[in-house]
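Given only the sequences and the hints, what does the whole structure look like? Please build it.
4 protein chains.
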Amino acid sequence: MVGGGQGAFIGAVHRLAARVDDRFELVAGALSSDPQRARESALELGIGIDRAYADWREMARAEAMREDGIDAVAIVTPNHLHAPVATAFLEVGIHVICDKPLAVSLEEGEALAKLAREKRKLFALTHVYSGYPLVRHARTLVEDGALGEIRIVHVEYAQDWLAEPVEAAGANRQAAWRTDPRRAGPAGCLGDIGTHAYHLASFVSGMMPNAVSAELHTFVQGRQLDDHVQALLRYPNGARGMLWASQVASGAENALRLRVYGTEASLAFDQEMPNELWLTMRGGAAQRLTRGRIDSVDALHATRVPAGHPQGYAEAFAQLYLDAALQIEAMDAGRPPPAESRLLATVDDGVAGLRFIEAVLASSAADGRWRDLR
Amino acid sequence: MVGGGQGAFIGAVHRLAARVDDRFELVAGALSSDPQRARESALELGIGIDRAYADWREMARAEAMREDGIDAVAIVTPNHLHAPVATAFLEVGIHVICDKPLAVSLEEGEALAKLAREKRKLFALTHVYSGYPLVRHARTLVEDGALGEIRIVHVEYAQDWLAEPVEAAGANRQAAWRTDPRRAGPAGCLGDIGTHAYHLASFVSGMMPNAVSAELHTFVQGRQLDDHVQALLRYPNGARGMLWASQVASGAENALRLRVYGTEASLAFDQEMPNELWLTMRGGAAQRLTRGRIDSVDALHATRVPAGHPQGYAEAFAQLYLDAALQIEAMDAGRPPPAESRLLATVDDGVAGLRFIEAVLASSAADGRWRDLR
Amino acid sequence: MVGGGQGAFIGAVHRLAARVDDRFELVAGALSSDPQRARESALELGIGIDRAYADWREMARAEAMREDGIDAVAIVTPNHLHAPVATAFLEVGIHVICDKPLAVSLEEGEALAKLAREKRKLFALTHVYSGYPLVRHARTLVEDGALGEIRIVHVEYAQDWLAEPVEAAGANRQAAWRTDPRRAGPAGCLGDIGTHAYHLASFVSGMMPNAVSAELHTFVQGRQLDDHVQALLRYPNGARGMLWASQVASGAENALRLRVYGTEASLAFDQEMPNELWLTMRGGAAQRLTRGRIDSVDALHATRVPAGHPQGYAEAFAQLYLDAALQIEAMDAGRPPPAESRLLATVDDGVAGLRFIEAVLASSAADGRWRDLR
Amino acid sequence: MVGGGQGAFIGAVHRLAARVDDRFELVAGALSSDPQRARESALELGIGIDRAYADWREMARAEAMREDGIDAVAIVTPNHLHAPVATAFLEVGIHVICDKPLAVSLEEGEALAKLAREKRKLFALTHVYSGYPLVRHARTLVEDGALGEIRIVHVEYAQDWLAEPVEAAGANRQAAWRTDPRRAGPAGCLGDIGTHAYHLASFVSGMMPNAVSAELHTFVQGRQLDDHVQALLRYPNGARGMLWASQVASGAENALRLRVYGTEASLAFDQEMPNELWLTMRGGAAQRLTRGRIDSVDALHATRVPAGHPQGYAEAFAQLYLDAALQIEAMDAGRPPPAESRLLATVDDGVAGLRFIEAVLASSAADGRWRDLR
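Note that the protein sequences, when read in sequence, are chains B, V, C and S. Heads up: the first sequence begins at 1 in full-length UniProt numbering, then just goes up one per residue. Heads up: the second sequence begins at 1 in full-length UniProt numbering, then just goes up one per residue. Heads up: the third sequence begins at 1 in full-length UniProt numbering, then just goes up one per residue. Heads up: the fourth sequence begins at 1 in full-length UniProt numbering, then just goes up one per residue.
The set of hints was computed from the structure by calculation and includes no laboratory data. Idealized CB from N, CA, C, for every residue including glycine. Hints are all accurate, no fakes.
Below, a sample of chain C positions facing chain B; criterion: calculated Cβ distance under 10 Å:
#: 1; residue: GLY283
#: 2; residue: GLN287
#: 3; residue: ARG288
#: 4; residue: LEU289
#: 5; residue: GLY292
#: 6; residue: ARG293
#: 7; residue: ILE294
In structure tokens, the structure reads:
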């Protein structure tokens with residue numbers, strides 16, 4: 001693991017996710033850019049002193065040399081390091097599991113995608129919300145035509161933790177780097193949660209927009225990056241969409257919600273209530289689907305506990321680690337990845353996300369002029 | 001009453017609304033443009049044969065002459081007749097209660113507003129959703145600063161009854177006129193329900209946007225008017241907003257929903273569940289407000305049945321009739337309108353709605369270019 | 001109308017309900033036992049001075065003599081007067097619409113039922129919750145076998161307005177008479193809301209229990225009547241049930257909820273959200289039924305406003321007045337009551353409610369021993 | 001681990017729960033009474049061949065002898081084996097983590113409790129629902145007096161998977177043993193899920209009833225044990241309660257719901273939506289509490305992922321394993337158990353559950369006569 005030392009947010013979640021299905025063991029880490037914190041964090045996590053690296057470059061080099069070197073690295077640093085770290089590990093032939101967004105520029109992301117292909121290594125991107133069983137079932141319903149032709153896609157992701165300038169005080173390390181263009185890249189809220197919303201919408205609808213008209217906004221004075229984004233979408237098949245992401249939406253905790261309307265039916269999903277998926281036929285009554293009330297290979301593959309017993313974010317995250325393990329196993333054995341792992345987000349999804357970021361930035365800079373998504 | 005004969009949709013609702021508080025009596029009508037249907041409809045409703053008019057012009061003339069002539073006319077025709085009918089009645093000094101949208105063009109609407117002012121007659125516009133007690137309470141909360149400075153306004157109005165070309169068969173009279181530019185005006189879904197959404201957002205937030213970037217769309221082949229509209233909004237205080245209205249959103253019945261986020265708290269209202277209003281402080285727990293759990297003069301004024309006993313659309317509509325009665329009474333007596341009736345939508349709200357329609361049409365025609373709302 | 005003067009609770013609701021469908025006119029009243037309040041209340045309601053009675057006996061006598069005498073009387077007094085007032089009006093041949101509970105003893109109730117039959121007059125009992133369209137639809141679903149054989153019935157009615165001794169202060173007139181055995185009869189919470197719960201359960205399930213094991217309780221010190229009742233039920237077909245009613249359930253407003261489980265499916269209804277009815281098949285997904293998403297003669301008959309537009313308590317109440325009007329019209333014309341009015345609660349439902357009260361009182365007095373409901 | 005081989009239900013959940021916090025390692029097992037299945041199951045789980053026992057007696061003996069013997073055993077067998085297995089391991093000084101119900105008779109349970117005390121070993125009982133952060137917060141609220149004096153406790157646990165005689169076919173092994181008195185003990189639904197409901201109610205309210213009036217029922221013909229239980233409760237402080245558990249409630253998945261009403265406020269929790277807890281003050285608005293919106297040491301201790309990110313059943317189960325680990329660590333070191341682990345269910349909770357079962361069986365046999373809970 002690179003990043004994820006004491007005080008970090010997402011590293012612990014990655015480690016928990018990896019444990020759920022018992023397919024990975026944490027044996028080495030460059031957990032912090034601060035050497036002492038790196039060492040202490042490693043100790044706490046039971047990593048041997050010889051594999052507690054102060055520097056990720058060194059870690060890549062050393063692990064590649066060891067006979068018992070790591071199979072895969074989990075990258076949980078701030079955004080600006082995703083690409084350099086991933087590059088270092090890909091270069092030495094180590095599989096990568098990387099947090100989103102993929103990189104801080106489209107160029108960087110495309111280079112990574114090229115490298116991963118050349119090195120024939122896995123590059124999994126942890127768009128965790130695609131790991132929920134009912135999100136996967138939603139995708140299946142769309143694929144199977146249950147919604148008819150898709151007409152409307154609505155996705156939103158609202159939080160309120162940045163409604164005030166919490167980064168100013170310095171105490172909130174999460175806020176500090178996420179609002180700092182040097183570490184977060186040129187997109188603030190857009191990169192942090194907008195990309196999740198974008199991926200979820202694409203994942204379920206099976207479509208990516210071909211044009212966007214968007215507006216970024218910064219509500220909190222002195223903040224350098226956007227904390228609010230609103231966008232209109234056009235899809236190749238004529239569908240229309242809206243995307244909204246905000247980190248200043250007072251009262252919202254982690255309100256990622258998707259609705260997809262087709263000619264025959266619509267779907268609604270709310271990640272804060274991930275054990276239900278709403279399906280409503282045109283002119284019909286809303287139905288509350290749950291894992292126990294559907295029959296779905298993809299949902300089953302993402303199931304850990306019996307029907308009626310709620311799953312949560314940890315299992316969704318674990319699903320990505322499981323799919324990654326299945327693919328790594330297959331790659332290492334020279335087999336094609338197993339079918340049930342096919343929904344894992346990859347470096348290509350990351351590139352798509354960066355393409356969206358770039359288009360939104362450009363459209364917003366051009367006062368909302370529609371921009372093509374190449 | 002003008003319009004609202006057999007087979008009409010909204011006329012019966014107006015009549016019910018007028019009965020709830022017992023402030024009006026239906027004594028005359030030009031209920032249909034078809035003379036026989038007009039007569040039969042009048043008979044059914046207990047209107048005397050001498051006051052069952054075949055023509056609204058004649059009705060205005062005749063009623064103005066009678067000593068026991070009507071105090072007010074309710075206009076429930078298709079949109080294109082709103083302005084001519086209202087003009088006719090205002091001209092002869094009769095108060096007007098008119099369905100929305102006010103008219104089929106901004107010009108027409110502004111002329112009406114001018115006329116109403118000159119004639120010193122009431123011009124009430126039935127933006128019914130502003131009649132719900134909890135919508136009025138929401139407005140009060142905003143006015144009282146409970147939300148802090150408003151940052152984000154989200155409003156949407158989704159239906160699915162026009163998801164297929166139901167107007168083509170001819171059997172659906174409602175669909176027929178609402179998708180016919182000669183009767184509905186240049187805006188389809190935008191005029192029919194988009195204006196409701198727009199009014200509700202303005203009513204609660206206490207703000208009107210100063211610019212809009214919008215896109216109209218027609219999903220159903222052969223339809224002449226838009227059946228879908230999506231728009232981004234900018235407000236004078238820097239707030240941002242989104243408005244969505246669709247009549248092809250499979251599964252949606254009458255899903256008008258508003259969310260307003262301020263620096264301190266947010267509000268959410270769903271007209272399909274009008275007996276609850278959600279208030280969530282920044283960083284706080286969502287609270288489900290009900291009539292019985294708030295203390296609000298405006299909500300009380302809109303209350304008909306005891307707390308815990310649901311109210312519905314009929315009472316919201318009745319509220320407009322009650323407020324209209326209170327204002328007519330005051331105007332006729334030369335008194336200022338009573339304070340509790342102040343929230344009644346008027347011809348000026350109608351003009352604002354037409355201004356919005358015009359700007360959306362223009363922005364959409366200009367590929368989403370931002371347009372000022374004068 | 002007898003009762004319902006200034007400061008009363010339910011009288012205004014009855015009057016509103018009667019206006020909704022415009023089938024009744026309020027022309028006479030003995031609105032209060034206090035002569036001055038009776039007169040003032042009548043004035044306020046537009047009742048002529050000659051028909052503003054200070055005494056209901058006099059009203060019955062006088063109205064029976066008038067050629068334009070009332071067709072029906074609405075009785076909205078405290079419970080102990082229901083039977084004497086109803087008797088007086090039935091005796092002189094006037095139809096009765098009476099609030100629940102029917103009377104303060106089973107004996108009294110049975111005498112009333114006998115009298116109503118002899119006099120061949122309507123005796124409608126305002127078990128208002130059976131007037132909701134979706135409650136009627138629920139009954140239809142059960143009748144049509146959609147649930148299979150009924151196995152379990154759960155009904156509860158929780159409020160919190162009597163959680164403290166509000167009757168002690170004297171200011172709360174509603175609390176005062178409802179907790180006073182001389183006016184409310186021997187059952188407090190049981191008679192006031194328990195009977196509503198019991199009727200709703202019977203109405204929807206189409207079954208009445210044949211035995212009950214119950215316990216009354218009074219939580220508030222000094223209160224003379226029960227404020228809490230819990231009971232187990234057995235039905236003739238082997239079904240089991242539970243009934244709970246409480247007026248000290250902190251946080252509950254007017255939470256009347258019914259669930260019925262059959263071998264094939266279950267239903268759930270919550271009167272605080274009366275525009276939805278939940279139907280879930282065994283092993284299936286919950287479906288949210290609304291007026292606009294069902295096809296039901298009985299629900300349609302109880303519909304006042306278009307689908308997607310919420311109805312409330314007023315329309316449910318109005319439904320009873322409409323059904324009463326239809327039956328009175330038919331009775332007066334010597335015709336059988338029209339089929340669509342068949343769901344109106346009658347004096348026999350009132351007798352069933354009193355039988356339940358009697359059995360609960362007896363079981364509770366016998367430390368919960370099972371008591372047959374004759 | 002004893003039990004939990006191939007085809008078992010709860011064993012995999014225990015193993016997942018143990019992995020979440022990484023405090024246990026699975027190194028030995030008697031996973032099935034069938035030797036071949038035991039061996040195959042062990043292989044699948046990575047247990048060494050030498051510690052894959054065919055018999056739990058042998059496992060207890062052998063593990064006690066090994067220097068690297070297990071610290072604790074997880075017992076996930078059918079009910080009738082809980083006591084014998086636990087006894088065997090306690091006797092040789094191994095800590096026990098046991099599924100519920102504790103045993104098949106009160107006598108057996110009391111003996112176990114005595115033994116555990118004598119041996120000074122941990123006996124954790126996996127009443128998993130007490131592991132949810134918001135359940136723990138609910139208990140804290142009650143303890144802190146936020147509800148005032150408790151007046152009413154309502155708990156219910158409804159499922160529908162036994163609505164038909166699925167045990168008859170033989171294919172459903174879960175149904176087979178759970179409806180077989182030789183393996184499940186004398187209580188069917190009552191023992192299987194009724195005890196969970198009972199524990200949850202006690203856990204949150206901090207009270208145990210002193211008397212019960214109950215009725216067991218078997219709806220499915222030919223079934224030997226109850227599949228439905230309904231009961232009235234009396235508490236020492238005068239509070240009243242109702243408990244309902246059913247496995248034939250068509251449409252219910254795993255609907256464990258608790259409501260507690262005090263003089264000042266009420267709480268509601270639904271295990272199918274475990275990321276919210278409803279708190280409503282008397283006369284106040286309902287508040288939706290979430291992990292991110294409360295400040296609670298106990299909820300924090302049960303938190304695994306960031307606020308706004310749902311937790312589920314796995315984390316609740318893991319919480320018991322974490323608390324068990326903390327207590328085992330302390331016991332082995334001769335320290336008192338750490339305060340934060342205090343909410344772990346123990347053998348005494350199991351005894352309380354058996355006492356409840358016994359009283360319900362007795363009351364039901366006596367036609368609902370109230371029975372004291374000693």
